[in-house]
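Top to bottom, those sequences are chains A, B and C.
Residue numbering for the first sequence follows my numbering, beginning at 60 and increasing consecutively.
Residue numbering for the second sequence follows my numbering, beginning at 18 and increasing consecutively.
Residue numbering for the third sequence follows my numbering, beginning at 1094 and increasing consecutively.
By construction, these hints were calculated from the structure, which means they are not laboratory data.
Be a bit skeptical, because a hint or two may be false.
Over 12 Å on every C-beta distance to chain A, these chain B residues come out as not near it, computed from the model [to be verified]:
1. 81
2. 316
3. 569
4. 607
5. 610
6. 613
7. 614
8. 616
9. 617
10. 618
Selected chain C positions facing chain B (Cβ under 10 Å, derived; list incomplete) [to be verified]:
11. 1167
12. 1169
13. 1188
14. 1189
15. 1199
16. 1203
17. 1205
Since the structure is predicted, the reported quantities are computational estimates derived from the model, not experimental observations.
C-beta atoms are modelled at their ideal positions from N, C-alpha and C, and glycine is treated no differently.
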Amino acid sequence: MIVPMEHLLVLATLLFVLGFSCVLVRRNLILILIGVEIMINAVGLVFIGAAALWQQVDGQIMVLLLMAITAAEVAIALALVVHLHQRKQSIDVGLFDEMRG
Amino acid sequence: MATLLVLILLLPLAGGVVNACFGNRLPRPVPVFIATGSVIGSFLACVGSVTAAAGDGYRLTLFTWLQSGNFTADVGLLFDPLAAVMALMVTGVASLIHLYAAGYMEEDPDQTRFFALLNLFVFAMLTIVLADNLLLLFLGWEGVGFCSYGLIGFWYSKKENADAGRKAFIVTRIGDLFFAAALLWLFALFGTIGIEVINGRAGELAGTTTVTLLALLLLLGACGKSAQLPLMTWLPDAMAGPTPVSALIHAATMVTAGVYLLCRLFPLVSLSPLAMAAIALVGVATALYAATCALAQHEIKRVLAYSTMSQVGYMFLAVGLGSVSAAMFHLITHAFFKALLFMTAGCLINLAGHENDIRRMGGMRQRSQAVFWLFSAGLVCLAGAPLTSGFFSKDLILATAFAKGDLFHQGLYGLGVLTAALTSFYCFRLAYLVFGGDFRGEELPHAPHALMLWPLLPLAVLGLGAGLLNLPHLLGGHSWLSGWLAREEDILHLSLDTEYLLVATAVGVFVLGWLAAHLRYRRFREHEPRGLRQFLLQGWNFDALFARVLVRPFRAAGRFCSHGIETGVIEGLLAGCAATCVSWGQRLRTLADGRVNHYLYGLLWGMLLIVGWFLLRAVVS
Amino acid sequence: MTATLIFYLLGAVALVTTALAIIQRNPVYAVIYLVKSIFALALIFYLLGAPLVAALQVIVYAGAIMVLFLFVIMMLEITPVSARKSSAPGWLSWTPVVLVALVLAVMTLLLIGLDPVAEQGIPRWHATPRDFGYALFNEYALAVKIISFQLSFAAVGAFHIGLTERRRARMEKDS
């Protein structure tokens, strides 16, 4: 036994909450995206832990798929960031409130 | 016999329909021939079938028109003495008026429409006359209303004419409403609308309030059609129509439909003494009112319109006195001489260069002797000159009132005599203004068409001589009309002294009116219509009164509904709902502030709620 | 025993670097700290018997995604976002704090408190790249294809979004 599952889950939770608070609090678009990456990483950690716990390779495959999706997401998101920056010369999310009701 | 009877109705209908549908495609005089020919054919059919009407009359059911439950309305004809007399009069006068109209409307570009409407009118009027049930009668009743509307506003490009047509239609419609109510009530009571059945079973209702109310409803219906108080304001304005229309519809036939209706349902109406008194009162009040109004009118046709109203008032009085034959007698004589008067008035207007105002006439005798004699014949009949038909028929009514003996009827008699004096006065006023002195207008004469003169001759003869129809015994007559109508009880049996007294009064009143008119109007004097004269010219300001009492409150109610209820309450309510929604929307809108992280808060709160719920359940279990 | 020690060590490194990453005002520093965190996580993956995933974590995350971030940051010449007075009502500014606390509590409860497997130890085990590849291209072949499509869509989408107006007009004229 390397470590109890509990501890791995605690680590993943803490990472997730860190990323989550980053998303909530930050106004810089890039930092918000970084927060999202952190949360995805924390999820991946749980997948890997679960794969090891049950000695099944599926969890690891999930992480791989997760990475691919993340890559796609980041590509689009960063393209949007560039686009938005072109429009307002800023990436403060507070400025992009044209959808305000 | 049945064929002839059907032809009476069918010929004018066919003529009207053909003219309405194809008239404009036919060469010019053909529609006139069709129209005139069909009415003359109808008259001949009437003459041919008149023997069938004797005694109990002739019944003919053509087909069932409507059937619903126990309600059945047939298209059926009832050709009894009353209907026969009326039908003969209608078709006869209508034939002559059609001939006259052929001349009168010769140059009018719309004569096809005119004749189509005129034929349809004759058809509708005959439907009233011949109908054996009230619904068919009502159909004709509405039909004449429609044709009257279309013909009053015949020259619709002038707004006054169109307005006059509308006014006539709406005012008579008020009366029709009451008639329709009476019709429905009668059906509810008797389960049938057959006129004979209703008359036969009317006795079941004797002495009840129901019959009084029914009779009053019928009276109001008749008032609308016959321009009696209080629904009389439309008739003077209806003179906006062409003169043949005034002669046919607003003098001879349609306006007497109310009298005919009351005579038709006389067994029912006569059951209520109160309603009879009301009818008599309405009649005499209208007679007096219209006679006073006629004193001050300037337009020749308006004078005649008021005199029509006044004479129809006499007929109502006769019905109210219980004398159907007196009413019908006056109806028929009046139809003759009033049609004559109207049509001669049309000639006079032409002779004066299309001048309607008697203040700008005068000296018309020089322009046409024939018209002078014809118009004079009509006027003496109207004024009640001794031995003319108007004298006999009016005298019969007044004598009937006198013979009743009690104070109420003596009062009616007094008012009737007063009206007769006024009638004589305004007739001779008209004569002096039109024929006396020199011509006061500027227009050149426009000679009337020959067709406009010849049909007047038979009317003049009839007008002067129709008194023979019901000549009283006093003068060697046999009261033929009363006998024909099987109303022997209408024949008066007065002492010779009384008879002579009444005749002397009538003659005296006539002479009095003539003398007064002679003194006053022998020389023309222009008067500004002021004070009493203005009051009478405006028909006692009834139009203004109705405008104030009915139209203005109606408008105010409309405005209240539109502004108060509609705008205030309903729209306010809706606007309030909308405003509430909007304000809530505005409040909720701030939640969607365009901030991504605020949306995330919402998402997460929701997620927490769901997860929290599962957690709670897990903890509890 | 050594592995356990390394796990805690790496866990601490990951937490610290992540925390440092999210408090940076300058996004470049944030990305650098995040790369460190990702390295630490990659090692943990290796420790938990996923060598291939660990390698991919380094290659894809640190090598591709984070580099992409850096490219964008440098391309845009980003000035640090200045702190602004929030226009949101007062209660809204407390919302993130409360939310973070609640999410932490709920996840702790859910993952650790109530999960029966949480107390089990993670055994020493590892999946060879061969096993991994075999499973990936057999059982998950469809997923692989879908993900491939996903990636190509993303590429097209990014290309489309990235076009400037001027270039878009020019391209439309050419075609």
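Results for each hint:
1. 81: 69 Å, holds
2. 316: Since the minimum Cβ distance to chain A is about 73 Å, residue 316 of chain B lies beyond 12 Å and the statement holds.
3. 569: 52 Å, holds
4. 607: At roughly 7 Å from the nearest Cβ of chain A, residue 607 of chain B sits no farther out than 12 Å, so the non-interface label is violated.
5. 610: Incorrect as stated: the minimum Cβ-Cβ distance to chain A is 5 Å, not above 12 Å.
6. 613: 5 Å, violated
7. 614: 6 Å, violated
8. 616: Answer for residue 616 of chain B: violated, closest chain A Cβ roughly 9 Å.
9. 617: 6 Å, violated
10. 618: The claim is violated: residue 618 of chain B sits with its nearest Cβ about 7 Å from chain A, within 12 Å.
11. 1167: 24 Å, violated
12. 1169: Because about 18 Å separates residue 1169 of chain C from the closest Cβ in chain B, which is outside the 10 Å limit, the hint is violated.
13. 1188: 5 Å, holds
14. 1189: Status holds, d = 7 Å.
15. 1199: Result: holds, 5 Å to nearest chain B Cβ.
16. 1203: 7 Å, holds
17. 1205: 13 Å, violated
In summary, the numbered hints that this structure violates are 4, 5, 6, 7, 8, 9, 10, 11, 12 and 17.
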